[in-house]
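A.B. asks: Below, each chain spelled out in residue letters.
2 protein chains.
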Amino acid sequence: MTTYTATVTVRLKRGVLDPEAETTKRALERLGFELEALRFTERYEVDLDAADADEAEARADEMAERLLANPTIHDYEVAVAEA
Amino acid sequence: MTTYTATVTVRLKRGVLDPEAETTKRALERLGFELEALRFTERYEVDLDAADADEAEARADEMAERLLANPTIHDYEVAVAEA
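Read top to bottom, the protein sequences are chains A and B. So the first sequence is numbered by the numbering used here: it starts at 34 and just counts up by one. So the second sequence is numbered by the numbering used here: it starts at 34 and just counts up by one.
Please note that the accuracy of each hint is not assured.
Note that identical chains are pooled: a pair holds if it fits in a single copy or bridges any two copies.
Claimed, not checked - Result set (SDA-like, lysine to any residue): computed pairs, CA atoms no more than 20 angstroms apart in a straight line:
no.: 1; residue 1: K58; residue 2: D80
no.: 2; residue 1: K46; residue 2: D85
no.: 3; residue 1: K58; residue 2: T36
no.: 4; residue 1: K46; residue 2: A83
no.: 5; residue 1: K46; residue 2: R72
no.: 6; residue 1: K46; residue 2: D82
no.: 7; residue 1: K46; residue 2: R63
no.: 8; residue 1: K46; residue 2: E88
Hints were generated in silico from the structure; no laboratory data involved. Given the structure is predicted, the values throughout are model-derived calculations rather than measurements.
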């Protein structure tokens, strides 16, 4: 078994409103910053033991499907590297 | 002026408790997943117009200092790419 770190990046699908990002953008503008757009993504770094990188990726993918992402509103990506 | 995307990654400093990550880890374990550790990071992708990449990075750095990160508990990184 090898320890891998699977990075699961979760972002809202295009077209889904993101009030948190909108609020952050406006707060930056009130501080005097100029910006065109702001997007917010969440990243989970999961350390797990697996026989190989493919198994680690499959398990992280299932974690995303079942808990970390909401498939109705989120897209997600999984990347795996040896820890 | 060129449009750049500055990615600001905000994570808790080592040693700062992260109850949200701990709760997520336990929820995954209750679903039957085995994992060693789980860390949570937030990423802001900021589109901004700037004269060059250095200026874009400096402005994103200041956004992190003033609003996006809390220097008492967070470390952050800024990466800039042409949008």
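A.B. asks: Taking 20 angstroms as the upper bound on the Cα-Cα distance, should K58 and T36 be classified as within, between, both, or neither?
C.D. replies: So K58 and T36 pass the 20 angstroms test across copies only (16 angstroms; inside, 38 angstroms).
A.B. asks: Indicate which option fits the pair K58, D80 if close means a Cα-Cα distance not exceeding 20 angstroms: within, between, both or neither.
C.D. replies: between (32 angstroms within a copy, 11 angstroms between copies)
A.B. asks: Have a look at K46 and D85 and pick one of within, between, both or neither, based on CA distance no larger than 20 angstroms.
C.D. replies: neither (30 angstroms within a copy, 30 angstroms between copies)
A.B. asks: Give the relationship of K46 and A83 under a CA distance limit of 20 angstroms: within one copy only, between copies only, both, or neither.
C.D. replies: Intra 30 angstroms, inter 27 angstroms, cutoff 20 angstroms: neither.
A.B. asks: How would you label the pair K46, E88 (within, between, both, or neither) given a Cα cut-off of 20 angstroms?
C.D. replies: Intra 27 angstroms, inter 30 angstroms, cutoff 20 angstroms: neither.
A.B. asks: Checking an output row: K46 and D82, CA cutoff 20 angstroms. Within, between, both or neither?
C.D. replies: Result: close neither inside a copy nor across copies, 30 angstroms intra and 24 angstroms inter.
A.B. asks: Should K46 paired with R63 be assigned to within, between, both, or neither, using CA atoms and 20 angstroms as the limit?
C.D. replies: neither (27 angstroms within a copy, 28 angstroms between copies)
A.B. asks: Have a look at K46 and R72 and pick one of within, between, both or neither, based on CA distance no larger than 20 angstroms.
C.D. replies: within (11 angstroms within a copy, 23 angstroms between copies)
Of the numbered hints given earlier, the model fails hints 2, 4, 6, 7 and 8; all others are met.
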